[in-house]
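K.L.:
Chains as they are written, first to last, in my numbering: chain A, 5 to 84; chain B, 276 to 461.
Just so you know, not all the hints are guaranteed correct.
Unchecked claim - Computed list of lysine to any residue pairs in SDA-like fashion (alpha-carbon distance at most 20 Å, straight line):
no.	chain 1	residue 1	chain 2	residue 2
1	A	6	A	26
2	A	6	A	17
3	A	6	A	34
4	A	6	A	36
5	A	6	B	360
6	A	6	A	84
7	A	6	A	25
8	A	6	B	343
9	A	6	A	82
10	A	6	A	42
11	A	6	A	83
12	A	6	A	68
13	A	6	B	447
14	A	6	B	301
15	A	6	B	338
16	A	6	B	337
17	A	6	A	43
18	A	6	A	71
The hints are simulated quantities; they were obtained by calculation from the structure and are not laboratory data.
All of these numbers come straight from a predicted model, not from anything done at the bench.
One letter stands for each residue in the lines below.
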Amino acid sequence: MKLVRMKPGHGDVLLAEGDPEVSEDEERLIAEFRRQLDLGMWAAVPTSDGPRREATMVRDFDEVPRDAERVVFFPPAAGG
Amino acid sequence: MSLLLATSFVVLGALAVVGFGPSIAQRVRRHLPKRQREPERIPAYDPGRERRAEARARELMRSVVSEHEYAMYVELGFIAVEGTEGDGYGYLLYPHRPILAFDAQSGELLNEYCVAFPDRSEPEQSQRLPDADDVLAKWMSLRAGERELISVANMHVPGRQVDPGQVGRDLIRLREWRARRVAAVA
Chain A
5 MKLVRMKPGH GDVLLAEGDP EVSEDEERLI AEFRRQLDLG MWAAVPTSDG
55 PRREATMVRD FDEVPRDAER VVFFPPAAGG
Chain B
276 MSLLLATSFV VLGALAVVGF GPSIAQRVRR HLPKRQREPE RIPAYDPGRE
326 RRAEARAREL MRSVVSEHEY AMYVELGFIA VEGTEGDGYG YLLYPHRPIL
376 AFDAQSGELL NEYCVAFPDR SEPEQSQRLP DADDVLAKWM SLRAGERELI
426 SVANMHVPGR QVDPGQVGRD LIRLREWRAR RVAAVA
């Protein structure tokens, strides 16, 4: 699983990568996940159902499917 | 006499500053604690950096949205998605412009939803995401929770920020683009 974040001037940046089934990796992923949410980021998990692509917003690491390839963090929406 | 002495001291003092000043200052600087280096200032706009960021953002977009939607963004500059709260309407997602709701049958513009994703976590740097990231953030937010995103946005009647004439032309381009892709597959 990869945790990536959209960043101005960079595109996406890899924050952490690991296997959530390995406890050391899971701790690292959870710590980074919480850090990003503390910074106010939104987190989305891209999913696919055949050719159709979807996304799910998650607010806790427990909500991330164990087999998810990626969690994408991005700044929260604000009225423009 | 005293005036002559005072003038001599002033002249000698000035000569001493010119002669020994730089070496004394250098010695003093050597013994002072070094100042921490200031963080590297990133220029507000660097075309090369922005181009590389957009290329990376497009790779992320390509891996998240469907092949059809990615091609639409690359070729038309926006993504059209269907609304999830019923049939008959959709949204146009442009980079750094409001989300536009339109009637899928007539092409009539319904509303402008002004929404942005400013990154305020590092205030000294630019807050503006690359174009493809901005569109992808809108796409993911709409797919994951249309109502939540629309409730955050400021709603306006069409034409406030985006020229309805241009959107009308974009909807025609979209129809033609879809027809070409269907014809290419057939």
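K.L.:
Any of the earlier hints contradicted here, and which numbers?
P.N.:
Hints 5, 6, 8, 9, 11, 13 and 14 contradicted; others consistent.
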